[in-house]
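**Q** The whole structure should be built from the sequences, with the hints applied where relevant.
One line per chain: the protein sequences are A and B, in this order.
The numbers in my numbering rise by one with no breaks, and the one at position 54 of the first sequence is 54.
Just remember that my numbering sits 222 ahead of the position in the second sequence, which is counted from 1.
A couple of the hints might just be wrong.
[Stated by the list, open to error] Below, a list of computed lysine-lysine pairs in the DSS-like style, where the Cα atoms sit at most 25 Å apart:
#1 B:K443 x A:K149
#2 A:K70 x B:K375
#3 A:K66 x B:K352
Derived from the structure by calculation, the hints contain no laboratory data.
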Amino acid sequence: MSNIAGKSYAMNVITPMRWYMTWINKLIFWIAQKFPSTLRGLVTLSLIHYARWVIIGRNQLPHLDKRQPKEDLHYSYMLFFSNFNGSWEQYVDSFTFSIPRGLDLFWKWNIRYPHSVPLTPFHKYIQYNQIETNHYYNATPLASSNDVKSAKKLKAALIEFDRKFNTAVPDQFLDQYNALLRNLQGDLGDMRPTPIVSMAAAAVSKRRFEDEKKLHQPNVNI
Amino acid sequence: MSNVSNNAYALTVLSPIKNDHIGELSYGDIVRNKLIEWDVDEGSPMAKVPQTYLARYFILDDVFSEALAGGDFWGTSYDILAFFSDKFRRRALPKIDQLKSRYLVFSSNFHGDLEIYLRGMWAVMQKEIKEVWGYCYAFDHVHDADTFIAYIKKCQLNAALFFVGSTDDSLEEQLKSLYLKQEFSKFAVEHQGLPAMELQKAYQAFIRRVEPTNLAGPSWKPGQSTLCK
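**A** Take a look at the structure:
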């Protein structure tokens, strides 16, 4: 099991909500999607790659076959999937500190939601309702979300610089090269494999090390 | 419903797993074991699927109910009515939900169109798809890309809100940008303080090597987890 792939952590949270209150959540999400300025607080959490909320009505779980027993649920459920950088605590706490009211607005109608402040009951609520990931894949495990965004800016600036100054006279080239570096100073910096930020990441790292060791071990007949 | 945010797509799939077992292992546990055994990073089957940014699989065994006294809308009236019948007291308690099937949950964030994505997925990881979805209800009707797409659409749930905190560029674009960031950062550090002409020459050689506008040229690989490859 691993919730971690490189610098990303996969969080899965499923929480029950009263079926007759789902429309309020759907309306709030609809407003948030239509008016992105309402998500400004979320944007400040630059550690998020992608996140989504899915509301499953109590009769909406896929039923595909006559042999499949029909679900008989009292509650509807809200699924929350997030891909973020850093540790679980960093993420949950930064949500609480940055957008406590937004968080409460999204989860307020979920059963037993304790509110985002104080922290300990909120931690317990997420832990109780979180499900472990069995396989997690990240196309850019060496990069954080901020790396991806800064790389996009760097690529555009480098191509533009190259188009204009690749064959400029050396002095002009140097001036513009220095200007390019000044402009990109917040976006430069090399990337390395992820540091170990949790027990789960340590376990993955240990397993991979053991797999590698087995690969390079000569066959020994006992 | 908002599965789409500009060029990024949020796919959420819940496929019911058959209530059966082989020996002491339920189908749900067999699928979980297979998922855990998949290689990770560049070795993951998902690394072959074009345009996948991030993807996850897990088994939803059941839903959760915290067994504390209820604070429902009707709670107070139930408390009063409990004088007359005990059934009202029981109604004030939280309900316990229990799923009748386990579900294979697949969630992916990718660039582009859903059908093209699923077609690409079927083309490159058919073996692994059959290995895990083969234990799910109605998957026996799946035998090619078209029937796989139809099956996944039946299992798909729409997102109520999809938030993109990264970029929605194609994966090739993202990987090339990261490669350039890595290489140019190194170049900048290694060539500090050089005379203009020498720096320009080195820069021109650097550009010829990294080919910034060529996505098919030198770049990072999907899922690349080390820098020596």
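**Q** Does each hint fit the structure? Answer for all of them.
**A** Status of the hints after comparison with the structure:
1. B:K443 x A:K149: Roughly 18 Å separates the two Cα atoms, so the pair holds.
2. A:K70 x B:K375: 19 Å, holds
3. A:K66 x B:K352: 21 Å, holds
The structure fails none of the hints (numbered hints given earlier).
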